[in-house]
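Can you build the whole structure from these sequences, using the hints too?
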Amino acid sequence: MSELFHPDRLQRLNDLRQAGVDPYPPRSPENREWAQPLVEAADARSGETVTICGRILGRRGYGKLAFLDLHDQSGKIQACAQKNKLPEAEFALLKKINLGDFVAIRGELGRTKMGEATVFAESLQLLSKSLAEPPEKWHGLSDVELRARMRYVDLFSNAEIRQRFQRRSAVLAAMRRVMEAEGYLEVDTPVLHPIYGGANARPFRTHHNTLDMPLYLRIAPELYLKRLLVGGLERVYEFARVFRNEGISVRHNPEFTMLEFYGAYGDYRSMAALTESLVVAAAEAAGCRQEDGSLSTEFRGSSYDLTPPFPKLKYRELFVEHAGFEPEDRDRVANRCRELSLEVELDSEYGYWKAVNRLFEEEVESKLTGPVFVMDYPAAISPLAKPCPEHPGWAERFEFFLGGMELANAFSELNDPHLQMENFQRQVQDKDPEMPNEVDWDYVRALAYGLPPAGGCGIGIDRLVMVLLGVDNIREVLLFPLLRPEVGMVEEDSATDSAEAASAP
RNA sequence: GGGGGCGUAGCUCAGUUGGCAGAGUAGCGGACUUUUAAUCCGUAGGUCGAAGGUUCGAGCCCUUCCGCCCUCACCA
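If you're matching positions, the first sequence starts at 983 in the working numbering and goes up one per residue.
One should not assume that every hint holds.
[To be verified] With a straight-line Cα cutoff of 30 Å, these simulated DSS-like cross-link-like pairs (lysine-lysine) come out:
1. K1046 - K1077
2. K1078 - K1095
3. K1119 - K1046
4. K1078 - K1046
5. K1078 - K1067
6. K1296 - K1349
7. K1058 - K1077
8. K1119 - K1077
9. K1294 - K1336
10. K1077 - K1067
11. K1095 - K1067
12. K1046 - K1095
13. K1058 - K1095
14. K1067 - K1046
15. K1349 - K1336
16. K1077 - K1065
17. K1046 - K1058
18. K1119 - K1078
19. K1336 - K1296
20. K1065 - K1046
21. K1095 - K1065
22. K1078 - K1065
23. K1095 - K1077
24. K1119 - K1067
25. K1119 - K1058
26. K1119 - K1065
27. K1119 - K1095
28. K1349 - K1294
29. K1413 - K1336
30. K1058 - K1078
[Claimed, not checked] Pair by pair, the computed Cβ-Cβ distance ranges are:
31. K1349 - P1176: 35 to 43 Å
32. D990 - S1348: 34 to 42 Å
33. S1124 - S1348: 30 to 38 Å
34. E1228 - D1004: 48 to 56 Å
35. R1093 - Q1055: 21 to 29 Å
36. S1276 - Q993: 28 to 36 Å
37. V1410 - E1343: 23 to 31 Å
The hints are simulated quantities; they were obtained by calculation from the structure and are not laboratory data. Cβ atoms here follow ideal geometry from the backbone N, Cα and C, with glycine treated the same way.
Printed below as a string of structure tokens:
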């Protein structure tokens, strides 16, 4: 890797300081306006003096005149700096401005001969000197890894990426509005868990020093949110960052965001209805409303119609339809697992149904493009869900599929403390590394005080955003996906030397 | 982990059969008062991912390694 600070820019930094210009002034103009609204109001407000602040990412210079492209969060606007309109020192400053520098410009709003909305500068002030070269102006950064590693560069050099994350933000805001409208309270529960639970996943381990206590980064917020229901907070939700110590792929990042919500006196059917509302609101916010009035998205080369209601199909019926036999047919399940060379252990009830579920994934899930709710899962693999009253062995649980991915998982919450305790104890016996290694007795105690009947649901926000924005890779909807550390980025000596050189008088 | 592809200037990329390391852009110096990737003149910029090998000679061929991408497998 090369030097952190570009030598030519360091030279300019020193030149500026010697000319008495602070390259990092403490304050910016107070009455700054955003670029995009000014562009739109260029005629209505023509002749008004306005102030803009932003980063210079384009420059077309002449001897006594220069056009600058000033970018800010809203977009960009052109500024025109002319020698006869600027104080001498500020026109001189123009020569020391590099692409990437932040400036404030005050001047009249108007249009150029070519009709472009432009601020004709009467004042030019440096707000922050950039010491690193921005990427190529036409292509920006395109190396996928570099873009993720230096998202700060990706964002300012690629408008499309900036827009993508603005849309992601709009999706979250829309979902919050739905939760708010339904009377759900946004809450924050611990990320550091003494016992990991609420999902099947390998956890990250950590340690608290003064308590000398092992801790896990949460794999799910579920058990804490349901404690809140015991406490009388009847409708709660959390946009929860969760952590799973598993593989990385186009659909998996070790940390990701789940929206989990729980509603007392509801069940998995009310959760399906709410999930549907959330997905529709998210789709609207993501811009999936098409010109022909339909609500749809393109993802991985397929089109998905998001017009509600979304179909509901039964897990067991799907299994029979695609596998060709019943999930209770032990011989055929075992045979089919062998045919597909699935590594399964069929001796325990849990192992058997886990195998059934593996078959379900193989035979059915790949064909479920969605949007679709898959209803009623095997109880043995749903330890936190309430059993179906009329179908022993099955639980009131659904998963929601869209874009060929599992986007949500919900159940009628198990509120029988005895049953929950037994499920926990069975999990601990199984010694599966993806299962809690001890019973969460505090959670059982909470249930003993009484959990109202409730529905709960978790939605994978990153995956939802992928589908709605038509982005293939989860890394592309995360601002900072986990990456291998960069080696040899900086030689300590040279970085220190440059810094000293820069601050030298 | 298997298969495929890629790694060259800050960035985006060429590089022919193995024969002097290239362009654009960004940078620096200069000219230019209406540009839209401005234009023009000049200039600087390299551990060709790393190591080893073959060769008179390697960015190019071979081996190993590292990293990234795609795909399959794994991962409720």
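Hints, verified against the model:
Restraint check for K1046 and K1077: satisfied, since their Cα atoms lie roughly 11 Å apart, inside the 30 Å limit. Under the criterion of a C-alpha separation no larger than 30 Å, the hint pairing K1078 with K1095 is consistent with the structure, at around 27 Å. Taking the CA atoms of K1119 and K1046, the gap is about 24 Å. The hint holds against a cut of 30 Å. Simply put, K1078 and K1046 have alpha-carbon atoms about 14 Å apart, close enough for the 30 Å limit, and the pair holds.
For the given pair, K1078 sits about 18 Å from K1067 by alpha-carbon distance, which is consistent with the 30 Å threshold. Between K1296 and K1349 the CA atoms are separated by roughly 14 Å; this keeps the pair inside 30 Å, and the hint holds. Restraint check: the Cα-Cα separation between K1058 and K1077 comes to about 21 Å, which is no more than 30 Å; the hinted pair holds. Annotation: proposed proximity of K1119 to K1077 holds, straight-line Cα distance about 19 Å (limit 30 Å).
Annotation: proposed proximity of K1294 to K1336 holds, straight-line Cα distance about 22 Å (limit 30 Å). Straight-line distance between C-alpha atoms of K1077 and K1067 comes to about 16 Å, which keeps the hinted pair within the 30 Å bound. This hinted pair checks out: K1095 and K1067 have alpha carbons roughly 17 Å apart, not beyond 30 Å. Proposed proximity of K1046 and K1095 is supported: the alpha carbons are some 17 Å apart, at most 30 Å.
With a CA separation close to 19 Å, the supplied pair K1058 and K1095 stays within the 30 Å bound. In summary, the hint linking K1067 to K1046 is supported, as the alpha carbons are separated by about 10 Å, within the 30 Å threshold. The straight-line distance between the Cα atoms of K1349 and K1336 is roughly 19 Å, inside the 30 Å bound, and the hint therefore holds. For the proposed pair K1077 and K1065, the alpha carbon gap of about 12 Å is at most 30 Å, so the pair holds.
For the hint pairing K1046 with K1058, the CA-to-CA distance comes to about 23 Å; that is within 30 Å, so the pair holds. Our distance criterion of 30 Å between C-alpha atoms is met by K1119 and K1078, whose separation comes to about 19 Å. About 17 Å separates the Cα atoms of K1336 and K1296, which keeps this hinted pair within 30 Å; it holds. Our distance criterion of 30 Å between C-alpha atoms is met by K1065 and K1046, whose separation comes to about 5 Å.
Straight-line distance between C-alpha atoms of K1095 and K1065 comes to about 18 Å, which keeps the hinted pair within the 30 Å bound. Annotation: proposed proximity of K1078 to K1065 holds, straight-line Cα distance about 15 Å (limit 30 Å). The straight-line distance between the Cα atoms of K1095 and K1077 is roughly 24 Å, inside the 30 Å bound, and the hint therefore holds. Restraint check for K1119 and K1067: the C-alpha separation of about 28 Å stays at or below 30 Å, so the hint holds.
For the suggested pair K1119 and K1058, the alpha carbons sit about 14 Å apart, so the restraint of at most 30 Å is met. For the suggested pair K1119 and K1065, the alpha carbons sit about 26 Å apart, so the restraint of at most 30 Å is met. Straight-line distance between C-alpha atoms of K1119 and K1095 comes to about 24 Å, which keeps the hinted pair within the 30 Å bound. A hinted pair counts as satisfied when its Cα atoms are at most 30 Å apart, and K1349 with K1294 qualifies at roughly 15 Å.
With a C-alpha separation of about 14 Å, the suggested pair K1413 and K1336 falls inside the 30 Å cut-off, and the hint holds. At roughly 21 Å between alpha-carbon atoms, K1058 and K1078 fall within 30 Å of each other, so this suggested pair holds. Separated by about 41 Å at the C-beta atoms, K1349 and P1176 satisfy the suggested range of 35 to 43 Å. Between D990 and S1348 the CB atoms are about 55 Å apart, so this pair departs from the stated range of 34 to 42 Å.
Hint check: S1124 to S1348, Cβ distance near 32 Å, so the stated range 30 to 38 Å holds. Evaluation of the 48 to 56 Å hint for E1228 and D1004 yields a pass: the beta carbon distance comes to about 49 Å. Against the hinted window of 21 to 29 Å, the Cβ-Cβ separation of R1093 and Q1055 comes to about 23 Å, which satisfies the hint. Between S1276 and Q993 the beta carbons are some 57 Å apart, a value that contradicts the proposed interval 28 to 36 Å.
The supplied range of 23 to 31 Å is met by V1410 and E1343, whose beta-carbon atoms lie about 25 Å from each other.
Hints 32, 36 from the list above are not met by this structure, while the remaining hints are.
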